[in-house]
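Enquirer: Quick note, the sequences are listed as chains S and V, same order.
Just so you know, we're using my numbering here: the first sequence kicks off at 1 and counts up by one.
Just so you know, we're using my numbering here: the second sequence kicks off at 1 and counts up by one.
Since the hints were derived computationally from the structure, they do not count as laboratory data.
For every residue, glycine included, the Cβ atom is placed at its ideal position computed from N, Cα and C.
Don't take each hint at face value.
Claimed, not checked - Simulated DEER-style distance windows between Cβ atoms: (1) V:Leu18 to S:Ala61: 43 to 51 angstroms; (2) S:Arg160 to V:Gly31: 46 to 54 angstroms; (3) S:Val246 to V:Leu103: 19 to 27 angstroms; (4) S:Phe24 to V:Leu33: 47 to 55 angstroms; (5) S:Asn240 to V:Ile121: 30 to 38 angstroms; (6) S:Gly241 to V:Glu56: 18 to 26 angstroms; (7) V:Ser235 to S:Leu94: 20 to 28 angstroms.
What the hints assert, rightly or not - Over 12 angstroms on every C-beta distance to chain V, these chain S residues come out as not near it, computed from the model: (8) Val30; (9) Pro65; (10) Pro111; (11) Thr158.
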Amino acid sequence: MRMPQGWRGVRAVNWVGWLVFLAFLGLWEVLSRRSGSLYFPPVTRIVETFVAVWRAQNLSAHVAPSLVRMGEGYGAAALVGTVLGIAMGHWRRLDRFVEPLVEFFRAVPPPALIPFALLTMGIGDASKVFVIAFSSLWPILLNARDGVRNVDQVMIETARMFGHSPREVVTVVVAPATMPQLFAGLRTSLGVAFITMVIAEMVGSTNGLGYFILNAQRLFAVPEMYAGILLLGLLGYLVNGAFERVEGRILGWHRRFRAVQP
Amino acid sequence: MSAVWTRGKGLDRWASILGAVLAWEAVSRTGILPVAFFPPPSRILLALARELGTGEIPRHTLTTLAAYARGLALALAIGVPWGVLLGRVPVIRRASAVLIEMLRPIPSVAIIPVAILLLGIGEEMRFAVACYAAVWPLLFNTMYGVYNADPVLVDSARIFGFARWEVLWRVVVPSALPFITTGVRVSSAVALIVTVTAEMVAGTGGLGFYVKATELGGRVPEMYGGILLLGILGSLLNHLLRVAESQVLGWYRGAMGRAEEVGG
């Protein structure tokens, strides 16, 4: 599958694209200043507010809790999802038993779980971490399972024939071969964890970025609201970039391997 | 392969769900888990049935489905043509790439407060938010599918004298169909999530509002009933779309198969 040309992965700077983007910002600025709209403050005002709002105090009051929650929830999901997924890929009996439950839980929209979590775990961090972990568990789990299941049997047999012990077969063949698909799941779940973090903080929290944005709206602090959304976009970008780096480092061998394969 | 895998699983499926329900019932009735927070499934089902009878649940379900369906439909009408445009016209693609990439990392739920400001807390707001969230997966999937349409097929159609829009309509869009249907499924899930979130944050109705309200009101079995219904709704919608997809793609695979046969 080719990435459309002119999108990403093209080294040349996309001048036209940047020009359009700047034109968009300029148009926003002009229209906003002309109309004096309360709901669309000028871009310059949003940027000013962004700089003023996101200083040490607010960063530790709202951004840090968000990131900690997301990290804990996502980490737990990655751990449980990988272990359980591999087990399900390995033992089909377990898979048969667990799969129907997985199919149901996966279909429950994450926000629906928030009232349940608030009721049983209170308004503290635990409820948010639980909802984040619960929603981001499924892509990891299913991808880990399919990854194990789809390992090339010929490779396993070959390794066995060359006298590798079952343990070695797992560490040398099965684990690396599962890795690409596991990472596909981890990537999907990262987005889910990020969105669920925002949702959980909007619905039942007194701090965090989700809360900050919604609260700013309720107080009609419109530039602050946009400053929060802007930071959220920035964080989304950074988190994704960090993931791509880790993935590139761990899966680099796989890409190179694929590149030389006929 | 997956067909073999799912065969003979029907019974197992229900056995494991039944097992989980019975285990919960036992754990709740014996008081291992506090009944106030984890009522037995029998009571949850009774509460659900009662609320179905009063018309409370059907009303909220319809409200949710209306915002979801309208949002998804409008997203289709916007996302697919736009995706085709981005996939086929390099100038437009280059021009909008940066702007779209800047908007993309913003999680779509973050748009809810903006929508509340502009549209209030009614149904229009939820519809708009669902639509916004559902546009992106459709847009990107269509763009990828259209961009990767087999150039040989496209050129052949051109050589045979098809007009531009005919090439688009008869060759490019059909060959992007598997991508578009994937986009529809992703968008459907996203639209439901965002609709329910919006209902919780600023709802005046809908299942999200219902679940939140019953939690605040301490009507715990009703709350679980609402969550259960949302889970069923989610899997039902997913299942329906999968069936529809296999119908549509069945035709597609048939056509592609024929094309290959003809091509030799």
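Enquirer: Could you run down the list of hints and mark each one as holding or not?
Expert: Here's how the hints hold up against the structure:
| no. | hint | result |
| --- | --- | --- |
| 1 | V:Leu18 to S:Ala61: 43 to 51 angstroms | holds (47 angstroms) |
| 2 | S:Arg160 to V:Gly31: 46 to 54 angstroms | holds (52 angstroms) |
| 3 | S:Val246 to V:Leu103: 19 to 27 angstroms | holds (25 angstroms) |
| 4 | S:Phe24 to V:Leu33: 47 to 55 angstroms | holds (54 angstroms) |
| 5 | S:Asn240 to V:Ile121: 30 to 38 angstroms | holds (32 angstroms) |
| 6 | S:Gly241 to V:Glu56: 18 to 26 angstroms | violated (46 angstroms) |
| 7 | V:Ser235 to S:Leu94: 20 to 28 angstroms | holds (21 angstroms) |
| 8 | Val30 | holds (17 angstroms) |
| 9 | Pro65 | holds (17 angstroms) |
| 10 | Pro111 | violated (4 angstroms) |
| 11 | Thr158 | holds (22 angstroms) |
The structure fails hints 6, 10 (numbered hints given earlier, in ascending order).
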